[in-house]
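Peer 1: Residue strings, one per chain:
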Amino acid sequence: MLIPKNYANQMRSRILVKVVESFYKDRFESADEIPIEMRPKDYDSSRCCIYKDRAILKYRMMAAMGYTPQEETNEAKQLKDYGKDALKRQNHAKSCLAVIDIACSACVKSQYMVTDACRGCFARPCVMNCPKQAISIVNGRSHINPDLCVSCGKCLEVCPYHAVVKLPVPCEEACPVGAIRKDEHGVEHINEEICISCGKCLQSCPFGAIVERSQLVDVLNLIHNTDKKVVAMLAPAVVGQFPFEINQVVGALKKIGFDDVVEVAAGADITSKNEAAEFIERMKEGANFMTTSCCPAYFRAAEVHIPELKPFVSNTKTPMYYTAEMLKKEQPDCVSVFVGPCLAKRTEAEYDPNVDYVLTFEEIGAMFVGAGVEIGDCEPAQFAKVSSAQGRNYPLSGGVAGAVGNLVEGEVEFRPERIDGLSKENIKLLKKYATKGSENNMIEVMCCEGGCIAGPGCIALAKKAARQVETYVAQGTNQKDMK
Amino acid sequence: MEKIQVKICAGTACFVMGAPQIQALEFSAPEDLADKIEVTEVRCMNHCSQGKGYNKGPFVEVNGEVIEEATMEKVVAKIRDLIAKEEEEKC
Ligand code: SF4
Ligand code: SF4
Ligand code: FES
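So the protein lines, in turn, are chains A and B. Counting the first sequence from 1 gives a position; our numbering is that position plus 2. Counting the second sequence from 1 gives a position; our numbering is that position plus 49.
Because the hints were derived from the structure by calculation, they are not lab data.
Straight line, CA to CA, 27 Å or less: simulated DSSO-like cross-link-like pairs of lysine-lysine:
(1) B:105 <-> A:43
(2) B:105 <-> A:257
(3) A:27 <-> A:230
To give an idea of the interface, some chain B residues facing chain A are shown, with a C-beta separation under 10 Å as derived from the structure:
(4) 65
(5) 75
(6) 97
The following residues of chain B were derived to be distant from chain A, with all beta-carbon distances above 10 Å:
(7) 51
(8) 82
(9) 110
(10) 116
(11) 125
(12) 136
Here the structure is a predicted model, which is why all the values come from computation and not from measurement. Glycine included, C-beta positions come from ideal geometry on N, C-alpha and C.
Generate the whole structure from the sequences, applying the supplied hints.
Peer 2: As structure tokens, then:
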């Protein structure tokens with residue numbers, strides 16, 4: 003994917019900046035002015051009217067403060083009060099994606115539509131073949147009753163004039179596991195039980211109707227209103243997310259109040275080591291193949307949707323896990339904040355007692371802007387631990403398998419394969435491998451196409467980010483040469 | 050014909066506000082424009098700290114003309130505008 007965002011998603015960054023700004027300005031006292039300021043009276047509304055726009059903006063801001071639209075029980079409750087409540091909560095709300103119902107529902111209920119190309123022919127195969135009698139003739143043309151249509155597509159197949167078109171529902175199409183579906187009113191809902199938090203729906207909705215509970219306010223609160231030591235754990239995908247030297251980004255994080263910054267690429271080196279040892283052991287035991295485990299969206303997909311694959315998934319922990327473990331050993335009292343490209347990491351963190359909070363690159367970007375910090379003006383600062391070239395390469399598709407391959411060389415045969423992007427098709431492919439076996443013995447699975455540099459929490463153009471990661475990799479030493 | 054200079058601000062504020070989306074011009078400019086423009090990534094041009102503020106970002110300069118709340122659409126339209134003007138002058 004070349005363009006990481008659309009205008010709808012861009013709005014999310016703006017909202018995050020606004021929320022940070024409002025935190026600094028008066029601890030949300032005047033937060034309710036923001037939707038009005040963003041959609042003033044004479045503004046050309048992007049929807050039906052500015053009033054609906056403002057209502058949607060309120061929900062977006064609530065999400066940035068950590069509340070889903072569904073949590074609104076009292077419609078009169080103001081943003082200022084949501085903000086104050088957010089500042090009072092001890093633990094962040096559980097991570098979750100949700101749909102702003104008034105922003106959604108714009109997409110068709112029936113996925114099929116008869117166009118003007120319909121000739122109202124005598125044969126009428128569409129009427130004949132519709133299993134639900136959803137098609138009738140109105141004004142000499144065929145018409146689909148959306149209340150009866152079940153989107154089976156038979157009419158499209160049989161029309162000799164190609165008069166029937168399929169209208170895609172972007173979020174449903176993007177979701178690899180069928181977790182997002184319309185209710186009887188045509189509004190989408192996410193089934194939390196089976197959602198893998200990949201964020202694909204959020205990236206794909208042209209109306210930006212899908213939001214996610216942020217932990218931004220919680221972290222701001224910890225930094226500014228408590229004397230706790232707050233440490234950022236920076237995912238390797240950070241290189242390339244901001245057009246500056248990585249050391250300056252570290253400096254900027256310190257400037258906005260993080261006490262310390264550690265590099266998750268150092269944890270990635272432990273993952274590579276353990277995963278290589280596990281791989282050798284499994285292969286010697288005669289396993290057909292092994293898959294990586296560090297992408298939490300994939301990990302959960304295997305658990306919930308491809309159970310037959312579970313025995314093949316590596317048991318090695320993720321770079322975030324090892325980094326947090328090391329950190330908490332050294333500084334047991336600190337608050338650890340993972341900063342990365344990923345929404346699924348928020349879910350992973352819920353099962354990891356060493357990871358207290360998870361932010362995205364977009365969210366720290368908003369923190370920089372809202373706090374008025376220009377990264378380019380920041381003093382460069384160093385990471386405490388130096389990572390290897392292989393650890394740095396994790397965020398690119400092929401990087402994890404490459405790191406393992408580097409360490410198993412000469413020990414066992416290594417035939418890597420990349421599953422670059424967890425699409426519906428790739429899930430089928432993985433199912434096949436689990437039941438029928440695979441030709442290759444090391445399968446790396448990345449839920450995001452291109453790797454974590456294309457994750458839903460990224461802000462940079464994936465292509466440019468990849469270049470910067472490559473340069474950073476080239477500056478690192480081979481893990482084998484490090485002690 | 051001299052190339053049209055497109056300067057995309059990659060200061061922190063503009064970058065977070067959506068400049069990367071316009072950087073796609075570096076890789077996939079519309080075919081008829083690709084060899085008529087020169088796209089550069091620049092540091093903060095101070096539009097964000099003067100007057101308008103970063104809320105009006107991202108800022109892009111096309112031959113020196115400032116575009117605020119820049120989007121791919123706006124930038125491409127501006128480029129086409131300039132090309133049309135130049136052609137007119139030639140006649
Ligand atoms: S699995 Fe991914 S695309 Fe599907 S609902 Fe969850 S976050 Fe959205
Ligand atoms: S590929 Fe990376 S960013 Fe995307 S879901 Fe997996 S771990 Fe998260
Ligand atoms: S960051 Fe773009 S003008 Fe300052």
